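**Student:** Sequence:
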Amino acid sequence: MSSEPIRIRPATLADLPEIREICIVTADAGGDAREIEDTPELLSLVFAEPYVQFKPGVSLVVEDDDGVAGYVLGVPDSAAFDAWAAKEWYPQHSEGLPDPGPDEANWVRRSDWLRNWIHRPKPSPVELLETWPAHGHIDLLPRMQGKGAGRQMMHALFEALAAREARGLHLGVQPLNTRALGFYETLGFRPLDVPTDPGTAYVGRRLP
1 MSSEPIRIRP ATLADLPEIR EICIVTADAG GDAREIEDTP ELLSLVFAEP YVQFKPGVSL
61 VVEDDDGVAG YVLGVPDSAA FDAWAAKEWY PQHSEGLPDP GPDEANWVRR SDWLRNWIHR
121 PKPSPVELLE TWPAHGHIDL LPRMQGKGAG RQMMHALFEA LAAREARGLH LGVQPLNTRA
181 LGFYETLGFR PLDVPTDPGT AYVGRRLP
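Going by the numbering used here, 19 is the number at position 19 of the sequence shown; the sequence numbering is gapless.
Hints listed in this document are in silico derivations from the structure and should not be mistaken for laboratory results.
Do not take every clue at face value.
[As the list claims (entries may be wrong)] Calculated lysine-lysine pairs in the DSBU-like style (CA-CA distance at most 35 Å, straight line):
1. LYS55 with LYS122
2. LYS55 with LYS147
3. LYS122 with LYS147
4. LYS87 with LYS55
5. LYS87 with LYS122
Nothing here was measured: the structure is a model prediction, and the numbers come from that model.
My request is simple: use the sequences and hints to build the entire structure.
**Tutor:** Structural data, given as structure tokens:
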């Protein structure tokens, strides 16, 4: 394990190129999504960039001597974030983007699920919003993993969201990402039953 200190700081707009890249290369259950997406840059338009732009939110990065090596992004009020994204964020990115339609049976390209999301934003499950109103995302490059950075960043997220009066936090995880699910369990998250979105594994934690 490297003795290099972990440096966590607020994200800035200047960090967006690194945040975009990290989002892409960790999106396939921790692996590189360029192997499975035909337009992988759409991933950050959904799962990273809007969180850096939304206010009030929490955007932190971790860096080493080689630059930004991970991020944690969160919002204290998922309903407010979803409303802002649907009205302000996605319309500016859907213009000119081919619309695959809402019927999955008609999707022909591997990133059509993202194109559909941008044209028809997917809000947080309504059954989670009362108890677990906040949500977020964390991604670390392999070189930053195993150093305690993820745990430190998540605790920083807990504190920042609680300071913004969020009572609980939910996360959505790919069901096959057992490593992530195990990590969240060690942080006090518990599985949540979300019948409206059976394709995603949701976990929740009280804050702080």
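**Student:** Work down the list of hints and note, for each, if the structure agrees.
**Tutor:** Hints, one by one, checked against the model:
1. Pair hint LYS55 plus LYS122 holds up; C-alpha atoms about 19 Å apart against a cutoff of 35 Å.
2. Annotation: proposed proximity of LYS55 to LYS147 holds, straight-line Cα distance about 30 Å (limit 35 Å).
3. Proposed proximity of LYS122 and LYS147 is supported: the alpha carbons are some 34 Å apart, at most 35 Å.
4. Simply put, LYS87 and LYS55 have alpha-carbon atoms about 14 Å apart, close enough for the 35 Å limit, and the pair holds.
5. A hinted pair counts as satisfied when its Cα atoms are at most 35 Å apart, and LYS87 with LYS122 qualifies at roughly 13 Å.
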